[in-house]
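Asker: For reference, the chains in residue letters:
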Amino acid sequence: MTIIDIILLVLIAILTIVIITKKALNYYKKRKLVNIKARADGELIKSPIKYEAIQKELKKPKVSKLKNLDFTDPTTGSILIAIVLVLILALFPEYWHINVAVPIYMIIVALLAIFLIPIIFVKYYYMPLMKFVPELKLFIHARKYGFPLTQDWDENGFFTFVKSTAEDITNLPKSYTIRGLEIYQKLTLKSPRKVYKEAFQNISTNFAVTDIQSFRQIIEILNKQKDTYLLKLIIIASFGLFLVLIGLGVSLKLSGKV
Amino acid sequence: MVNILELPILIPIWIIFIVLGIIIIILHWIWRYRDNIKNYCPEASIFKHARQRGIAIMQKWFMTGFFVFERLEKDKKGDMYTKLPDDSHEGIRFDPRIQSKTPKCSTIKGLEIYQYGSNTPYNLTALNAASMNTVIEHVRTNYPELHFLTPQMILEFCQKNKNVLIQDCMNLVSQYDTANSFNLSSEKVKAIKESLKEDITQRLGEEADPHLIDYETEKEYIIQIQKTKAELLAQVFTKIQNELVSMDIKPQFFSFSDAFQNMVSCILATDMQTYKQMLDKLTELKRERFNMNFLMTIGFAVMLIIIGSGIFYTMVQGGGS
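Protein sequence lines correspond, in order, to chains C and F. First residue of the first sequence: 174, per the numbering used here; consecutive thereafter. First residue of the second sequence: 50, per the numbering used here; consecutive thereafter.
If you are wondering where the hints come from, they were derived from the structure by calculation, not from laboratory data. Check each hint, because a few of them may be wrong.
What the hints assert, rightly or not - PhoX-like, lysine-lysine: derived pairs with alpha carbons at most 25 Å apart: (1) F/Lys97 to F/Lys153; (2) C/Lys370 to F/Lys299; (3) C/Lys359 to F/Lys158; (4) F/Lys211 to C/Lys367; (5) F/Lys330 to F/Lys123; (6) F/Lys153 to C/Lys359; (7) F/Lys288 to C/Lys347; (8) F/Lys153 to C/Lys370; (9) F/Lys158 to C/Lys310; (10) F/Lys299 to F/Lys288; (11) C/Lys363 to C/Lys310; (12) C/Lys336 to F/Lys299; (13) C/Lys336 to F/Lys97; (14) C/Lys336 to F/Lys87; (15) C/Lys359 to F/Lys288; (16) C/Lys304 to F/Lys153; (17) C/Lys310 to F/Lys97; (18) F/Lys97 to C/Lys317; (19) F/Lys325 to C/Lys336; (20) C/Lys202 to C/Lys310; (21) F/Lys239 to C/Lys367; (22) C/Lys363 to F/Lys153; (23) C/Lys367 to F/Lys246; (24) F/Lys276 to F/Lys239; (25) C/Lys367 to F/Lys153; (26) C/Lys296 to F/Lys123; (27) F/Lys158 to C/Lys336; (28) C/Lys296 to F/Lys288; (29) C/Lys370 to F/Lys288; (30) C/Lys304 to F/Lys97; (31) C/Lys304 to F/Lys299; (32) F/Lys335 to F/Lys325; (33) F/Lys158 to C/Lys317; (34) F/Lys325 to F/Lys123; (35) F/Lys158 to C/Lys363; (36) F/Lys330 to F/Lys132.
To be verified - To give an idea of the interface, some chain F residues facing chain C are shown, with a C-beta separation under 7 Å as derived from the structure: (37) Ala175; (38) Met296; (39) Phe361; (40) Met364.
Glycine included, every Cβ here is placed at the ideal spot set by N, Cα and C.
Put together the whole structure using the sequences plus the hints.
Answerer: This is how it looks when you write it as structure tokens:
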């Protein structure tokens, strides 16, 4: 390795570190801002004092520090690994051009790992989740940043999950699910509905007396036991065989064959 | 013979580093993503499973306001009640989709989520819960004299048939001395008492013991006053019922746990489980009887065939000898 090689390598390493660190800091700064904003929305309803403090924090000029980086975050973690690799190569340039004998099957396994793992993950985990759980992002953000949700119902029984605002849920009894996600219920009516009908008539508690269909299955189970056609079939078949045997005996006897 | 797969290829070490780095990054990202979903959206698997297989979800409400999402699974298609684990003491929940008028409870993107109480076999819709809330609010705001009634009793009396309303109001007044809101004025009380005393004196005779007359008057008075209060209460409820018929539901925030708490139904999910167990027992008994009949029939059939074969054999052998 020549001296030019080493200088070039060090330059590339420094450049890579600078670019990646800058990117990581930008990412972190952006994410922290989003976090603070979302937390502010969540805290507004819980504690006005805390909300004030967060508002103040928001107004402060944001200077991200490297020590605050979350290395368990996938992006930051990946960048860290890349930095370590580049550093190793930069510190030990004599190993840069060493060739290692690798069997073909190991290369195939490595290539499969690089291409197949993400494809399988995306096809069988990520895509179905995105397709079948459109509420996913909202639920994750609500839990992560601590803001409540509202199940917004219409008069036809359809609803959507939406983000709650502070005024909405003041003085409401707590309504929460596991891991502290608060979901409140709201009814929005486009056409009027009558109280008496919905509270006392269109209610499922009338089910037991009004809906005969609900007892259909019980009656079916009981009726099935009465179904004795198999027994009748056995009796008729055996009696038929009995007659055939006697008839055959009689006819053979009469014909003189036996 | 040389195995091609084991043939070595010379690769620079930095390429191996990069490949390893990429694999680590991919695995790290996948692990973090799964972890994120597990921590921040544990419902995701239930929602995904339900949408994929077209099954509904039960949002089960507890009285504290806590709720959980669970799959509304059934043993087989067409069953009217939900799947019941052997060790479950929660009781049976009816599938609302087999009702003639299926209540709609669905997200815009087609996932059905029905609301059940922790101990109720039936579900409620948002309209039911909001209308119950409207009724309670209306009574609490406009009829302060009914403050002694619990929300559940308000709902119960608001849906009572007019034929039984007066009798039930009578029972209510006799149970609850707290119906003080319907207290009569002292003049009216005095007038009622005097009128009753006159009647009782006439009935018992002038020479009757004055203590007995006072005792009987007081007794009659209590009954009379309860009757008057019950009539007043019934009048109020009739008025409320008439108002509710034409009243619209208010768009509002409401709570399903309150609605399940106030719901007027004495049938619990565990009761339905008991009925089911009784029916299962009856069916089992019938099946035992069926099995006995089946064995008898088979026995009779075998006997017929043996006799027939015996006669046939005797005839054939007799002829041959």
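Asker: Where does the structure disagree with the numbered hints, that is, which hint numbers, in rising order?
Answerer: 7, 11, 15, 19, 21, 23, 26, 28 and 31
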